[in-house]
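Can you join these two chains into the complex? Each is in its own frame, and there are hints to help.
In order, the protein sequences belong to chains A and B. No gaps in the numbering here: position 37 of the first sequence is 36 in numbering that gives the first Met the number 0, and each next residue is one more. No gaps in the numbering here: position 76 of the second sequence is 75 in numbering that gives the first Met the number 0, and each next residue is one more.
Simulated from the structure, these hints should not be mistaken for laboratory data. Do not rely on the hints blindly, as some may be mistaken.
As the list claims (entries may be wrong) - The calculated EDC-like cross-link candidates involving lysine to aspartate or glutamate, where the alpha carbons are at most 16 Å apart (straight line), are:
1) A:LYS73 / A:GLU15
2) B:LYS103 / A:ASP127
3) A:LYS3 / B:GLU96
4) A:LYS32 / A:ASP1
5) A:LYS3 / B:ASP92
6) A:LYS32 / B:ASP84
7) B:LYS51 / B:GLU96
Since the model is a prediction, treat every value here as computed from it, not as a measurement.
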Amino acid sequence: MDKKTLTFVLMDAPYENSRTTTAFRLIDAALRKGHDVKVFAYEGAVALPFARQAQHPNAVHGRDAAQEDHPNPKEWIAALQQAAAAAGSKLEWMNCGLCVDERGVGEVIAGVGRGSPVDLWKWSEASDNTLVIATR
Amino acid sequence: MANYLLIESRDPWESNDAASWQEVAAGLVKEGNAVTFFLVQNGVLPARRSSKSAGLAALARAGVEVLADDFSLRERGIDSGRLADGVKPASIDVVVECLAAGHKVIWH
Numbered sequence: 000m001d002k003k004t005l006t007f008v009l010m011d012a013p014y015e016n017s018r019t020t021t022a023f024r025l026i027d028a029a030l031r032k033g034h035d036v037k038v039f040a041y042e043g044a045v046a047l048p049f050a051r052q053a054q055h056p057n058a059v060h061g062r063d064a065a066q067e068d069h070p071n072p073k074e075w076i077a078a079l080q081q082a083a084a085a086a087g088s089k090l091e092w093m094n095c096g097l098c099v100d101e102r103g104v105g106e107v108i109a110g111v112g113r114g115s116p117v118d119l120w121k122w123s124e125a126s127d128n129t130l131v132i133a134t135r
Numbered sequence: 000m001a002n003y004l005l006i007e008s009r010d011p012w013e014s015n016d017a018a019s020w021q022e023v024a025a026g027l028v029k030e031g032n033a034v035t036f037f038l039v040q041n042g043v044l045p046a047r048r049s050s051k052s053a054g055l056a057a058l059a060r061a062g063v064e065v066l067a068d069d070f071s072l073r074e075r076g077i078d079s080g081r082l083a084d085g086v087k088p089a090s091i092d093v094v095v096e097c098l099a100a101g102h103k104v105i106w107h
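Okay, chain B solo, but in the shape it has when bound (with noise of 0.2 Å):
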């Protein structure tokens, strides 16, 4: 079993491939690896309750941690109190402390 960050900075209304990476995280918890998905940039638009959350919760139902950067929230006017299920707010710091830890980090 590996740990993975999977770091999605993509709009998903705009980047049809920000599903196929929900898909990558989705096949690496099922094979037994802990996954940690954080979102940044526009990646996190879908964050906020939207036709585009459900793959989200999805992923977090399924073991995918489901993470968004707090600055990342504030720039676009996000409440970070009021997110789709499943999605945390979290620091940037997760990102440092992931690769500090060994863990397989992707940015996409």
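Excised from the complex, chain A in its bound form (with noise of 0.2 Å):
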């Protein structure tokens, strides 16, 4: 299989939808398969990797934050990274910085970076393809 460059644009904020759910399937897929990954997030999904995402309990149900063991976004986002190390491929993910000064969602986990629109559109040329998952 030859390894191709593959660009993600994700627009959903966190906790609101399937389709951030199925951007990490797309993208945990890619990995596996052994291309590398570029990821942009703009709008709401600056917020996906946001480090001060907490677990928290659930009084219904009678559990605490362990036992509840609610994931969080940037868990994920941590968990495809070393999908990415495992399978030999290279996981990017950048952040609109407007987008992220708007929110005050500058903390973030390691590995994530900072760039704008013209980054995307760089990593866009230089990728193979590229997939827009877009909110109404």
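Here you go:
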């Protein structure tokens, strides 16, 4: 299989839409097939790797945060980074800086960069293909 | 001739433009392109035999490959062995393979 470089463009904020789950499934599948992946997040999607996401208890079911073990998107991204390393692939994640500043989500997990739509254009030009997963 | 993968994530009972997306697929194949129509998320709901399945069957008859994401089917309790005419279950790997092959992949 030829290694390709694929760019995914995400727009959805975390905790809101199935598109985020599908996007992560696509990125995971691409990495496991050995492709290099670039993710450009803008609008609400810049909160996906926000470092201050925290687990919470579930009072309705009487479970504390550890028992609930509620996954957060930042952990999914970290898992994708690990999957990339295991597969010999490369995962680059860039947040739109303006979108980050608007939302105050500048504290991000390791491996997440900051850029502008110009970087998205450059990434897209340098990639074999690009998929935009936009909100409606 | 080009290769297209059109992704449909929308529920046709909720979004009238789901029908428009099927029309795009039909138009592309009519003009001689190779078209795959990939259902995902609530887009798989018409893959269960229903009042909205006829459009998918018509696409398949027209030469469009109509696929339904197996994960989305399982999430919604839709038996992948009893799908509407012309619809086949598939892994999401199909999307990655089409991207890697340079197909025109468009999300809806």
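Looking back at the hints listed earlier, which ones does the structure fail to meet? Failing hints, ascending: 6, 7.
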